[in-house]
Every structure is written in C-alpha cells, then in structure tokens.
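Please take these sequences and the hints and turn them into a complete structure.
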Amino acid sequence: MDSMKSDEDLVDDILAGAENGFSQLHDRYRRLVYSIAFRILQNSEEAYDASQEIFIRAYRSLDSFDRRKSRFYSWMCRLAVNQAIDCWRARRRRAEAQTPEDSNGRFLGVPALSDAIRSPHGELESKEKVQEIWRCVDALPELQKKVFVLRYFQELKLEEIAEMENCSLGTVKTSLYRATQTIRRVVKRGGDQS
Amino acid sequence: MNRPANRHYSEEEILMHILGEEDSKEGAILAAHLGECQECRLVLLEYQRVLEDIRCLRVDEIPAVAWLEQKERLMAFVRNESRTSFRDIRVRLGGVFVQTWNYAIAHPLPALGYIALALALASQSTISIFRLDHVLPTTGDVIQVLKLLL
Chain H
1332 MDSMKSDEDL
1342 VDDILAGAEN
1352 GFSQLHDRYR
1362 RLVYSIAFRI
1372 LQNSEEAYDA
1382 SQEIFIRAYR
1392 SLDSFDRRKS
1402 RFYSWMCRLA
1412 VNQAIDCWRA
1422 RRRRAEAQTP
1432 EDSNGRFLGV
1442 PALSDAIRSP
1452 HGELESKEKV
1462 QEIWRCVDAL
1472 PELQKKVFVL
1482 RYFQELKLEE
1492 IAEMENCSLG
1502 TVKTSLYRAT
1512 QTIRRVVKRG
1522 GDQS
Chain L
1272 MNRPANRHYS
1282 EEEILMHILG
1292 EEDSKEGAIL
1302 AAHLGECQEC
1312 RLVLLEYQRV
1322 LEDIRCLRVD
1332 EIPAVAWLEQ
1342 KERLMAFVRN
1352 ESRTSFRDIR
1362 VRLGGVFVQT
1372 WNYAIAHPLP
1382 ALGYIALALA
1392 LASQSTISIF
1402 RLDHVLPTTG
1412 DVIQVLKLLL
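Those protein sequence lines, which keep their order, are chains H and L.
FYI, the numbering used here numbers position 62 of the first sequence as 1393, with every residue one higher than the one before it.
FYI, the numbering used here numbers position 114 of the second sequence as 1385, with every residue one higher than the one before it.
Be aware that one or more of the hints could be misleading.
As the list claims (entries may be wrong) - Which stretches of chain L does chain H cover? Using the computed rule of at least three CB atoms under 8 angstroms from a CB of chain H, they are:
| hint | region |
| --- | --- |
| 1 | 1298-1310 |
| 2 | 1336-1342 |
| 3 | 1346-1352 |
| 4 | 1388-1396 |
The hints are simulated quantities; they were obtained by calculation from the structure and are not laboratory data.
Everything numeric in this text was worked out from a predicted model, so none of it was measured.
Where is the CB? At the ideal position from N, CA and C, for every residue including glycine.
Structural data, given as structure tokens:
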C-alpha cells in the first residue's frame, strides 16, 4: 500500500534506494512546488522549469531532511520558495543587464495571467488590477515575498515560517503586514479610481 | 495584556487577528473590542477584502502531459544519480553493517570467532606484506602464535 505511505516514510524509502518513492513525491508535490514558483516568478514556463530544479535540489538534499525538526510539507515549501527566489534574482539581474535604463526597481517582466479571473465581490474585475497586484508582489522585498506566498497561498503558520527563515516571529509578522499593506494600497487605489 | 479599553488596535494586530495568528486570550479581547469599536471594525473589513482579492490571484495550469514529461526526466536523473552517488554507496555499506550487527547480536560466539579470525588474518597479512618480521625482531613471535592459532 505505497500510496498510503506518509511523505516521511517515502523519504526513508528513497534514501534506502527505492527510486519509485521519488515518483510518488513528484505526484504529491508538483502542484505545490509549481504554485509557489509561479507566485514568485509569475510566469508559467519559468515556474515549470524552476519546479524541475526544485525536485532535483530536493532529491540531492533529502538526507538533510529531519522529521523531528519539521514536516516534510514545510521542508518542501522552504526549498521551493528559496529556489524560486534564486530564479527570480537571476531573472532580475538579467533584466537589469539588458535594460540598464530601467533599473530603478521597476517591474520588468509581464506576468502571464489566467484569462479567467474570479470575482466573488465584483472588486477584482479587471485584468489590469490583477496585473497591478502581481507587479506589487514582484516588487516586494525577498522576505516579504516569501512570507506572503507561504502564508496566504500555502497556509503555513507564521511560527513555522519564522523557524524556516531563521528569524523572529515579530519579523515575520511585520513582513506579512507590510506586504499586505502594499497590496492594500493598490486595491484601494483601484477602488478609488473606479 | 494590559491595554486601555479605549485604545485602538494597530492594523498589524487586526491583520493577525483575521489570520488567527494571535493566542486565544488576545484574540478574545480583540474580538470584544471589535464589537464595540467601529473604527477598528472598518479596518478589519478592509483587510478582509484585501485578503479575498489576494486569494483570487490564480495560477496558470500546466497540462498533464508536461508533468509526465517532467517526471520522466526526473526519474532518469534519479536513476543516473543513484548509480553514481556516494549516498548510494553509503546506504549499501550501512545496510551491510546493520545486517552484520544483527547477526553478531543473534550469534555472539561465532561472531567473536570470525572477529578473531579476521584480526589474525589481518595481522599476518600486515606482517608479511610490509616484511615487519624483518624490521621488528619480536614480530616473529607473533607469527608463531598466529600460526598456532590458524
């Protein structure tokens, strides 16, 4: 009953040489890994490539996973967010090198967006507004971006994120608050304009 | 928490309350305050709307075929890696060690016999390979003892 095995048991299997366990981990975690990468990179192709890198990195560092210290889920989130941030940094450096005149911290890429945008409250109606929010997310400082993605989309507790990032709970709380406040300003501005 | 009842909560505290990131005692005090303070309630409503907007940001889907291709590539990498990796060698050595240890625990006397034999062979090989009997005169006695043992 391999499909019933916990992630931690699968890790033990892989470390003991059972390659099939890694295939199962890919099935379980590909969406999580991709969605983290997408929310940081905001481009499906780059996020797809990054997710492959994340799995390779995961495989190579599986023996550093300690089930007494963290859940495999949060270990994987941490790995994904760090790798995605590395890709984001590399992209930013490339973009800055290509267009030095545009190096004043502005967002340089255009995010790929879903055509279907849900609007439960009739407030997030325009693609422009969504793009504006994505731009804001892209421009967030690294720690704010990490905390934002991990808390709002992966539903990790702030305490867990603080442990993951090796910083205090207060720092994580402030980072999340600042990130949310930035988005709030954009949402508010959009609301005032319409 | 000692705070004056008429003081407003900060936006950060209200956001943490929405997210359930405060302890239950603090949460109960803040909830009671929100029941009375319209100003703080407005901040709460505004942040709730922002969070709803944030959660509406969707992720572009990847076709199932692309995932399959990725999995195949990854599995090829894993197979290649496990053939050459030090980790695999370590795992195998670890497995042999555990098996040997279990045997030694289950059969202590034969295990001690094997250990003595291994030591004797190792000593004799060391002496003969490095010609220690020529270098150290007393090693001749060791060889005699080993010959008796074997």
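Outcome of the hint check:
Chain H is given as covering the region 1298-1310 of chain L, and this is violated because 0 residues of the stretch bring a CB closer than 8 angstroms to a CB of that chain, at least three being needed. Here the region 1336-1342 of chain L counts 4 residues with a CB under 8 angstroms from a CB of chain H, which clears the bar of 3, and the coverage holds. Given a C-beta distance limit of less than 8 angstroms, the hint that chain H covers the region 1346-1352 of chain L holds, as 5 residues qualify and 3 suffice. Counting residues of the region 1388-1396 of chain L whose C-beta sits closer than 8 angstroms to any C-beta of chain H gives 0, which falls short of three, so the coverage hint is violated.
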